[in-house]
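Undergrad: The residues making up each chain are set out below.
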Amino acid sequence: MKARESAANARIKRIGTADMDNDRVDRIIEKHRGEASSLIQVLLEIQSENHWLPKKALERVSDKLQVPLTRIQHIATFYKAFSLVPKGRHEIHLCMGTACHVRGATRILDTVQDLTGIKPGETDLDLKFSLETVNCLGCCALGPVMEIDGKTHGKMAPGETADVLKDYE
Amino acid sequence: MPRIGSPADLEKFRKDLLSKREPDKPCITLCSGSACHATGSRKVAARIEEEINKQGLQDKVDIRKTGCHGFCERGPIIVIHPEKIAYFQIAPEDVPEIVSETIVQKKVIERLLYTDPDTNKKIIHESDIPFYKHQERLVFGFNGSIDPKSIDDYLAIGGYSALAKALSGMSPEQVLEEVKKSNLRGRGGGGFPAGRKWEGSRDAPDEIKYVIVNADEGDPGAYMDRSLLEGNPHSILEGLTIGAYAIGSHEGYIYVRQEYPLAVENIILAIKMAEEYGFLGKNILGSGFDFTVKVHRGAGAFVCGESTALMTALEGRVGEPRPKYIRSNIKGLWGRPSVLNNVETWANVPLIVNRGADWFTQYGTEGSKGTKIFSLVGKITNTGLVEVPMGMSLKDIIYKIGGGIPGGKRFKAVQTGGPSGGCIPDELLDLEVGFDELTKAGSMMGSGGMIVMDEDTCMVDVARYFIDFLTDESCGKCVPCREGLGQMLTILTNITAGKGKEGDIELLEELAEVAKEASLCALGTSAPNPFLSTVRYFRQEYEAHIREKKCPALSCKELISYYIDPNKCQACMICKRKCPVDAVDGAKKTIHLIEQEKCTKCGTCFEVCPSKFGAVKKISGEPVPSPIPEEERIITRKSKAK
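Going down the list, the sequences are from chains A and B.
First residue of the first sequence: 1, per the numbering used here; consecutive thereafter.
First residue of the second sequence: 1, per the numbering used here; consecutive thereafter.
What the hints contain is simulated information worked out from the structure, not anything from laboratory work.
Be careful, since some hints might not be right.
Claimed, not checked - Derived lysine to any residue pairs resembling SDA-like cross-links, with alpha carbons at most 25 angstroms apart: (1) LYS557(B) to GLY486(B); (2) LYS151(A) to LYS65(B); (3) LYS151(A) to GLU169(A); (4) LYS578(B) to ARG107(A); (5) LYS31(A) to GLY300(B); (6) LYS133(B) to SER145(B); (7) LYS272(B) to ARG27(A); (8) LYS155(A) to LEU112(B); (9) LYS84(B) to ASP62(B); (10) LYS151(A) to VAL264(B); (11) LYS272(B) to ARG33(A); (12) LYS56(A) to THR70(A); (13) LYS557(B) to THR106(A); (14) LYS589(B) to GLY614(B); (15) LYS31(A) to PRO261(B); (16) LYS294(B) to HIS32(A); (17) LYS151(A) to GLU49(B); (18) LYS181(B) to TYR363(B); (19) LYS43(B) to GLU147(A); (20) LYS155(A) to GLU607(B); (21) LYS598(B) to ALA162(A).
Start from the sequences, fold in the hints, and give me the full structure.
TA: Encoded structure:
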């Protein structure tokens, strides 16, 4: 357990996404004027600024908004947008929507898994890629679709998937 | 910015606005919806600006970045006004020619026009293209002509006139009456009459009431709400404000997925503009009516599209549904009466108020009035968003508008209604689309996803796919959905993996029955639909998987093998080179064969084998023929020097 934790910490150090300082968290809370009902909006903003939700930041939110930490944890694990672990440098979103599915998205997923060695929801040890499956990017004309760091790659086939992934460092 | 204080001011402002616009001035409109962004419309936009500047035409040409035109298959799309010349699949390299030829010299560039696949004729105007010709674009039509970031563009097409009419000339009761008379039904899935929902809230005794836009569009393969929010956000705000006036609400919410960044951006900007102009805020258009709107970004949970779950999420909690002994229009957000309607429903409201319920009801069938936007996707030639009058047959939508199935394949089924919908087979294609008609066929309208499947789609796999989706998205609150779907998924996965056994179908039917009867919310009660509709129309496919271990559509990976026909293989090396796992054995002039134990069944060899050879075959339910002897693998070509 300890070993794993220190490995995680080492990784965090390397890419420098340890914690958010309290000032940044406070600024986000202030923006939503400290309403308890805006909890989800606050968490979303922390997520989008920091790419994941460090425990310290959640504790700060809990403190400031007077919401029990358990409820924050409940929310952070319920909604898909949140991550409680650091993410890789490149986020792969693979569309598994129906239109992409009937056009062979599963084969693309298999290829990406083979090439990166990670499954959906995971991040590789070098923090290079994080892989997520999503349920429709709304570019059905281009299916199967793979999105990396917001850039859409359409009409993917297993061979092309490998070519696309090669371009990321 | 001018704050418009009365309906008369609004008309005057509109008149001034129109008088300043030159209808004959060339204008390039470019689709900038998310789907076109993905095909590179941003680059095209940058190139257009660059080229216009280069040729010194800044003052002579307008550029307008509009919302989605619907024909996503052919994006990026450009329409040049006033001639309305439509160009498709524009690349940045085409731009200089478009500017110098079409803008300056008024010449049409043939190669960028749409070609009718039947007649091979070039078509100049969008309205003559079969994809558009058979549509009735009442709600969606303005998307292609206005810049969603400009409130003036919306005003120029008559925007906010319905709001002015309602606030100055109609009592809230009259507005409500008109909407009731129009029989507008919820476009988000349920199909509940909007007027009746509003009336319930209006009559509820509580002083504080809310109106909410449901833009948590979660159905995979459906993106019409996003396109409306991105392309015409003011129409939704206008509808929402009218609804608020009708029921006596002063606070509205828009719940939109954070996965739709452009939609969030455009709706927030639209609210800001509407506040500046005085269409939102205090004393709107001098009527004394106050109304404000807030945007709440959804953090990603399919179940939050359900009304009670959405309201719980709005309160800043985990979005789980609650029992509806009391409907949310009586006791909803923070325990107050709350009217929740889908994006498309709200966008219909200004039309009904402006043109009247009698005009609206001329479209559609007995039970379903007006039009519906469908997203026509999957194995279809013309992928895109289509708006048709209710009552059009599925066949017309798929063949006349959608252009049929690509690649000469056979149509198999169309899936409507999102994950909780069902699959409709070939023999029911004459079915007219409408809320009740689709439900009768074992599917549903849902939010309007329409996924077309061809002969290569395995229906058992489709059922497994949807149950997998719903298992993942089940909030876990009640047992039949949480546990029942999990069991169904295990059995369906077994069947697609060739491990199905006799009795599986019956067991699935039993599980489906329980989930249907005993789940709390619509997600659970409708979750078995994908299984029930596929087993109803395609039972023989289930049986083939279970009894013969065969996938008739040749799709389930565990049940198929790839095999190279030695009589057809020309030893061209293409599949050998492309195989990602090196499973093809062969050399030049040596007939290739697939080493089955290495093969991961990715299908690459099948796709790359030149169609004139067609040597790679998919087989299922039969053993792979044993390889031919080594000596026969050498191809001795007939001498070329004949």
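Undergrad: Confirm or reject each hint.
TA: Structure-based check of each hint:
no. : hint                   : in the structure
1   : LYS557(B) to GLY486(B) : holds (21 angstroms)
2   : LYS151(A) to LYS65(B)  : holds (20 angstroms)
3   : LYS151(A) to GLU169(A) : holds (15 angstroms)
4   : LYS578(B) to ARG107(A) : holds (15 angstroms)
5   : LYS31(A) to GLY300(B)  : holds (22 angstroms)
6   : LYS133(B) to SER145(B) : holds (17 angstroms)
7   : LYS272(B) to ARG27(A)  : holds (22 angstroms)
8   : LYS155(A) to LEU112(B) : holds (21 angstroms)
9   : LYS84(B) to ASP62(B)   : holds (14 angstroms)
10  : LYS151(A) to VAL264(B) : holds (18 angstroms)
11  : LYS272(B) to ARG33(A)  : holds (19 angstroms)
12  : LYS56(A) to THR70(A)   : holds (14 angstroms)
13  : LYS557(B) to THR106(A) : holds (10 angstroms)
14  : LYS589(B) to GLY614(B) : holds (17 angstroms)
15  : LYS31(A) to PRO261(B)  : holds (19 angstroms)
16  : LYS294(B) to HIS32(A)  : holds (12 angstroms)
17  : LYS151(A) to GLU49(B)  : holds (22 angstroms)
18  : LYS181(B) to TYR363(B) : holds (13 angstroms)
19  : LYS43(B) to GLU147(A)  : holds (18 angstroms)
20  : LYS155(A) to GLU607(B) : holds (14 angstroms)
21  : LYS598(B) to ALA162(A) : holds (19 angstroms)
This entry satisfies every hint, going by the numbered hints stated previously.
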